[in-house]
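S.K.: With the hints as extra help, turn the sequences into a complete structure.
Each protein sequence line maps, in turn, to chains Z and X. First residue of the first sequence? That's 1 in the working numbering, and the numbers climb one at a time after it. First residue of the second sequence? That's 1 in the working numbering, and the numbers climb one at a time after it.
Heads up, a few of these hints could be off.
Stated by the list, open to error - Chain X stretches covered by chain Z per the calculated footprint, using a threshold of three residues with CB under 8 Å from any CB of chain Z: (1) 412-420; (2) 560-569.
To be verified - Cβ-to-Cβ under 8 Å is the rule here; a few derived chain X residues that face chain Z: (3) ARG101; (4) ALA254; (5) ARG316; (6) VAL462; (7) GLY463.
What the hints contain is simulated information worked out from the structure, not anything from laboratory work. C-beta: ideal position from N, C-alpha, C; glycine also.
Each chain is listed here by its residues.
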Amino acid sequence: MSRIVDAEARRLALDGSRSFIVQAPAGSGKTELLIQRLLVLLNSAERPQQILAITFTNKAAAEMRQRLLEALVMARDEPKPEEAHKAVTWQLARAAFERHGEALLKNPAQLAIQTIDSFNAALVRKMPWLSRFGGVPQVREDASALYSKAVEQLMGQLDNQDQTGEALRTLLRHFDNRLGQVEQMLVGMLAKRDQWLRYLASEHGTSHQQLQENLEQFCALQLEALVRSFPPALADELLFCASYAARNCPDLEPLVALCLPLPSGYMALPLWQALAELLLTASGEVRKTVNKNNGFPAGNEGKAAKQRMLELLTGCGECRDFVTQLAAVRTMPGHFSSEQWQVLRAVLDLLPMLLVELWLVFRQQSKIDFSEIALKAGQALGRSDNPSDLLLRIDNDLQHILVDEFQDTSRLQYSLLNILTSGWLQGDGRTLFLVGDPMQSIYRFREAEVGLFLQSFGGDFGANGLKLTPLTLQCNFRSQQGIVDWVNRSFKEIFPPATDIDSGAVSLSRAHAVHDPLDGMACSFYPYSVQDDKAEARQVVEIIRETRIRDPQGTIAILVRGRTHLREILPLLRANCLSYQAQDIDQLGARPAALDLVALVRALLHRGDRLAWLAVLRAPWSGLALNDLHVLLAGHPRRSVPALLRDDKLRQGLSPAGQQRLQAVAAVLLNALDQRGRFPLRDLIERCWFALGAASCYDSEGLADAELVFALIEDLQQGGELEDLDQLEREVGRLFARADASADARLQIMTIHKSKGLEFDTVIIPGLGKTTGRSESPLLRWLEHPHCGLLLAPRAASGADKDPLYQLIGRLEQQKGRLEDGRLLYVATTRAIKRLHLLGHATANKAGEFIPAKGSLLEQLWPLVNVQFVPSEDPVAEPLQTVQARLKRLPLDWHPPVMSGVELPEQVVNTTASVHGDLDSGQLFSGWETPLYRHVGTLVHWQLEQLARRGCEAWTEQCPKLRQQRLKKILSGYGTPGSELSKGVEKATQAVERIVQSERGRWILAAHTDHQCELPISGVVDGQLVHAIIDRTFVADGICWIIDYKNSTPASNETLETFVQREAGRYRSQLYAYTRLRETQLPQIQVRAALYFPLADAWYEYADF
Amino acid sequence: MTASYLSELLPHLAKGALVLTANKRLFRFLRSRFDQWMLEQGETVWSSPAIYSYEGWIDQVVTSLGEQWRVLSPQQAQCLWEQLVEASSRQLDLELLQVSRTAEKAAQAHRLLNEYEIELDEVCLTEDQQAFTLWRQQYRDLCAEHDWLDRSELATLIREAFACGQLDYPRQLFLVGFDQLSPGLVKLCALFADQGGACQELSLVSERDVVVRHYPATDSEDEIDKAALWTRNLLEQGAHSIGIVVPDLTTSRARIERSFLRQIDPCAMTRLEQDDSVFGLSLGGPLAEEGIIHAALQLLGLGRQLSLNEVSFLLRTPYLGGGSREADQRHLLDRRLRSWRQPGFSLTALKKTLEKNSDTGGIVAILAQLESFGQQGKQAPGEWAACFGEDLKALGWPGDRVLSSREYQALKVFQDKVLNGLAALDAVLPAITRGRALALLQQLARTLEFQVEAPPSPVQVVGLLESSGLEFEHLWVMGMSETALPAAPQPNPFVPYQLQRDHAMPHATAERELQFGEQVIARLRTAAAQVVFSYPRRSGDSPQRPSPLLPAATCDTAPQFSAPQDLLSLSRALGPALEILDDSQGPVLNDKLVEGGTTLLKDQAHCPFRAFVHHRLKCTQLDSPEAGISAMSRGDLVHLALEKIWQKLGRRTALEALSPEPRKQLIAQMVAEAIAEYFADGSLLAASLLQIEQERLVNLVGEWLECEEQRDDFVVLESEMEHVESLGPLKIRMKVDRIDQLADGQRVVIDYKTGSDIDARDFLSEPLIEPQLPIYAVADSENPADGVAFARVRQGECSFVGFMRNEAALGKVNDYAAYAGKHDLANPDWDQLLAFWKEQIAGLAGDFVAGRALVAPFDPKRSCNYCDLAGICRIQEYYGELEESE
Ligand code: SF4
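M.R.: Here it is, written out as structure tokens:
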């Protein structure tokens, strides 16, 4: 084991009083360092909440928290370990533990270790008003549906005679009236709005002048670089040849003005373009020769000049860099064409409108995307004069911020960090600690901007220049020396020689292996001289087999750039019984169980979806043969399939076996169809699916797939329906089958992006020769340049010439992409602990030279492996095979497994003596009637209780006007519509008046012996437990009366007599129970029960209890 | 099992002590324990004990004080807050995203401040808190003006009533199950105590022996499943009181209900009748999620412009008048409407279209009703409630299917609580628009918990707060992970944080949460004789740790589980039970004629299975709408315009003779006619789209005519001519775009193409995947055509692509013989190509007639990419199998 060469940097990084930026290459033990630093800070912090650690993913946050807590527990419970680096951690943890004690371990929620997204959410939660969210809304990972909706709403203004309408029409005109494409472009703009928003917000950020200036500045930068790349020794020669040629060729006129030093700056563009004309052929190569067209006429007097020119050309030819840059400058646009500007203007005019629509959509759905949270958190903080004051007020006095994976920070996140640290002063005890590895920056598609790391590594952070001490870790604790050496050697070639912030070029930072080399080849490359995925797949299997022999317990990973690169490999692994776990590899939408289930959903939701019904009838649970399907479907294109299934005559035409199959299946399907809406959609489908026997149709992977689809249905359903029939299919298409947890974890398959942060004994990377997808030509290309601001260019109208600015941006994107490809390869190869296997193909061109595909990872690796490619014999093309379609289905004699239920214990049944409405009458909905009478009844009921308690005088003595007002308010409080209040009060007053004046009424309310209102009483009646509340009871003339008030009134066509009889019957059992209870309670006294209808002033006495 | 605090409490209850509980569930629990105790003592009647939930007691006391009408219901209060927030939000540069959430938080802050009797002074408030202070002032002004009371003021009101003798002091008061006593309650107790009453808060923690177990589950799914199997095991042993405590019950409710049902009544998972489960947890859910209510809300929300999804909903919902009776017809109608690929319809246009349909009379009537919905004007919420009721009735909601008992209950609740609830807002709201009323209605239905009536269950699933005071024989506490307990603090953003800390308000600080967590764990730990605490070890892809508060296990053995009895587990254990057979042959087509367009043979060439499904079984997918003018329509428009133009011109010379101006005019006029004709049925497309399409087409057609002008002289023989070709029992009906006769008399068959995938080699492939022009070319064997060509009508790419018998007969179109020679093809000249075509066409037709239905795509990339059958033919799976059998 070699020594720790970077011990000093590691020691320094634990200085809790200073800010650092640390480059921590693969395998350098970054997490341990972060934990140690956290412990150091914990030791000094007053409260744990003052430290914020930001991770890239939730998973990383959970892991870091776990490791930190484990360290603390270890320091509490265990003695100091022997090993040096563990001892350091132990000691730091011990100190932190002593500082905060059990309280920290008991309440780990105090540790703010989280992703930037959840930190933003916490900020926003504390600023519901300032952030304009009013609480944290639901955040959609994939918010494209929201964007589409906003764009759709904007498109609704297409016919408007205003700027918006005009702008929309301009776009449609330019883009061939392809509404769908224009919509897509705008959706794309919304998805990336964090990048252009601040330009739009600033006053001139998107004016013609500003954009023109951006462009000019960009030209100037390119020219500067071009001038730098020109070999100075040739300057005089260039001057000579150029002016010579200019004199002889009118096209090269501008060159007359050429002088030394070579000019840069925007104004020099025509000059350099003329130079390019002079030096380069149409295809961008250095001219081999020149003639009079280029300003070098034949003849003797020109001979010397021509000779000098040829030498100059040779000289230039040796300087590749200069030539490429010159070629790029040749087509560089100096300004926007008027048509281009018109389209741009339209886009820029639409953006603010689009934002308005987006906010409306967010409001309508109470859903947002992650960008919105980040934007609003930043805005809310930024609105305050002094953000750290604000932070204090929202209860967050941050002292230390640690950021992991800083190389993948976006500009938006950077600006947030900038705000958070804006009040910080050098040496005030607050620190920033940024960790990352620019060599592993691979999240450009998520707006990661590696330049931010590079820039910060210069030592300054943010607007007020917080000082950072840059540190670089060099030790690699992961890989054996052989791998480390290979990586050092290879990436010296692959990575650009110098770091460049603008283009995001990162050069190699060499690693020192801590582990000794292993015997044998650390890295093997397998070249294929023609694309042969099957052969590669066979090789992969071969490698796994060999590795398993050598290192049976070792972990193996197959890493690919794109999932599709596994197409040939997975089936072969399965065929060879190699069990594996695949993370996010198998698309759910292509798996049989998921497909069948989607068809089932569609069929049950739509009787007219003939294809879905066909799929359901053909699926394994049914498995109707083509002949039977033909009988059923062929002659009836215009009838729904469920109708056909119900058609007995038709069904008799099927084969006997077919009839038998259909019988079972049709019964279940038709039944499920009838139950639509009664279950949540998931339950309906799931039950139907089980009833069909689907659970016996798939292996455990298939069943797991189905479970995912069920979960998705549950997620999407609304009131037993899907809002959009195609939604499920779309979403299923986006999901991946879950890794089979029961499979062998020693063999893992994943994309390189997923593998970040992981390590494996053996790493196999197949398909290096492949590219991903096609290059797109979006309607609008744009770029946020660190120095020049926004550059935008719309695609040229179809049929017109390509737009140079558009192409230029495309090239820049491509360049950045290529740089990132190199880093991707770095990430992939540095996952290996012991061995690395690389496989890739290149094809030979007509001249027999092998050339890797453009944009493939092999292209990156090419200088290192090209010698290994030798022509092989043409492989025999395998003919496309046609195989019989095979139908898989449950056999006819299949029976479902037997399930057994549980006997449930008898329960004591409580009843409350109340009466249900006519539950079973099944009457239909008859609109909504105002509950006026019910409320009046409640009011009267309450008033009676009051009077019974206080005596009737309470009513008569009250001032009628006051009483009226009071009753009105009470009635309104019950929920009586305002328009009916007066009527209600009148009714109630009438009723009470009548009672107070009637003899019976006064008798009921009088203060008899033992009189009570609302008497609560419980007991057992006929074996049933009853809880009763008796409205009114008293003893008068030796009889105990039980009186229940009822608020009903006769129906319009009903006599009082029949009404009372009807009601009496309805409440019979209730009053019966009351009577029995009271009788038991008062065994000496006769008990009688009656109903009293105050609104109708009616009375019914039960004589027969 | 009378244990712990109950043995102390029950005798007091019998003596008339007042007991206030933290929630309703605990009230029911205590009452039933009391009943049981009475029964055990042989009583048959007794005074109901004075147990109340604290909230319920407050209501009762306020009612008896005659002040109930002053109290704002939670909905009314929420409504008021919303109005206040909304009003100030409207003055912002950007309106608040979630008004009602803000209002909730503000109301909560108001409650807190009232309960703690705190006044905010203006200093040191954040902007959020300043905004809140303003709303609070307005809210209080409103309350004062109308004599309203906020619920949070009732504690004080009651206390004063006691103090001034309006109410009688209880002799003895017990408080049960409060995880935290609100300040109001504390003060009330102090008052009682002052008056010599006995006030006591009962401790729920007892000293009894409890067996505590831990169960670390793999993830939360495993946790729920295991809890269900544990429950099943206990039920099998006759247990009758099992409690399950779930901290995040609202999110996991459905999963828990399903998992328990699966294990305890496994047969229910295959039953489709709604009302006959023997076991249910009836955990409830939002009323708005009930199908019947969802439909009502959807229907009320329909406007004059309907999106395709809305139309489709209308046609497919069973909860509309005739929704069952006309179901088949309506669904088929929806299919037809979808084939127009329009993203939406106007109500009027839709009605007009459907009126022509005879078998869906019901839906037309319903559309007419929808048209008459009162859209305009403002009314009081109560009037809207009546109006919504009328509208629903007019639409025939809830449909013509017999209601299930669950549906009936939901409908009743909708009437009683939702429509009435809307009316109850009259007191606090002015007249509002229909949209606002509907939004309120939806909100009411969404927030209302609907619980279907169910027989009592031996298993109770409760949330963490609700579990307070309950006791069971067996208890399982789920979700005890580090992040759940102690929870992260959630202070109210509208109350200054320092204040919240100083008063130790609920959820204010980490310390407060810790204290709460410890208290909860302490009571749960002794709430049953046997307790299991479980937690998931993973959540998503992140590791999870157990809560640091978990009490130590007293027993190492794992909880006892039953073997799973659900269909899924049983089937999984048995493995798939499938038979595999070849089935790629359908019946022969004999007597009946099948008619089809040229796509029939094209499909047959691409993949026989596809042809069988599309053209024999007549199954295709539902169409999806396209934004703007669909690609198909654009193609059709080009055809139509060119047809019109060549009908006028007839020959190249006529074109040439036209000077630029008249030519332009002709083009513009023909294009305009084409568009008018094509969209005659009235489309929803924006006028600008059509206008721009007109401009675009004029340019395109102009460019195309220039391309035609370059050709040698020709005469257009036929244009858009129908042609029927009989191939055995097969009739192929097709339309030939154009037939030109060249100067030398040669005839070329031409097809306009506007797409990008044009490849002349498709005329030569085997099977022949471009059979349309060849069919026509060889139709007349006496007089076959002399060339076939696609006319590529695309901006900047206008040209002819195809093959000719002779050289240079049609622009740059290949001379076939030369081409064949260069590429070394099997059919060296035109005549042989014609023969090849004949044979191919006959072969394809023959295969189709024979019912051959092999899954054999011509080229998986091209054939399968846009095929709608990939789910049925299982092409992916089948390539996978190919590998395996190697
Ligand atoms: S997806 Fe391919 S194989 Fe399947 S039916 Fe369509 S064309 Fe044939």
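S.K.: Taking the hints in turn, state whether each one holds.
M.R.: Hints, one by one, checked against the model:
With 4 residues bearing a CB less than 8 Å from a CB of chain Z, the segment 412-420 of chain X meets the requirement of three and the coverage assertion stands. With a threshold of 8 Å between beta carbons, the proposed coverage of the segment 560-569 of chain X by chain Z holds, since 4 of its residues qualify and at least three are required. For ARG101 of chain X, the suggested interface contact is upheld, since its CB lies about 4 Å from the closest CB of chain Z, less than 8 Å. Restraint check, ALA254 of chain X versus chain Z: the minimum CB separation of about 7 Å is within 8 Å; hint holds.
Because the closest C-beta pair between ARG316 of chain X and chain Z is about 7 Å apart, less than 8 Å, the hint holds. Because the beta carbon of VAL462 of chain X sits about 17 Å from the nearest beta carbon in chain Z, more than 8 Å, this interface hint is broken. A hinted interface residue such as GLY463 of chain X counts as satisfied when its beta carbon comes closer than 8 Å to some beta carbon of chain Z; here the least separation is about 20 Å, so the hint is violated.
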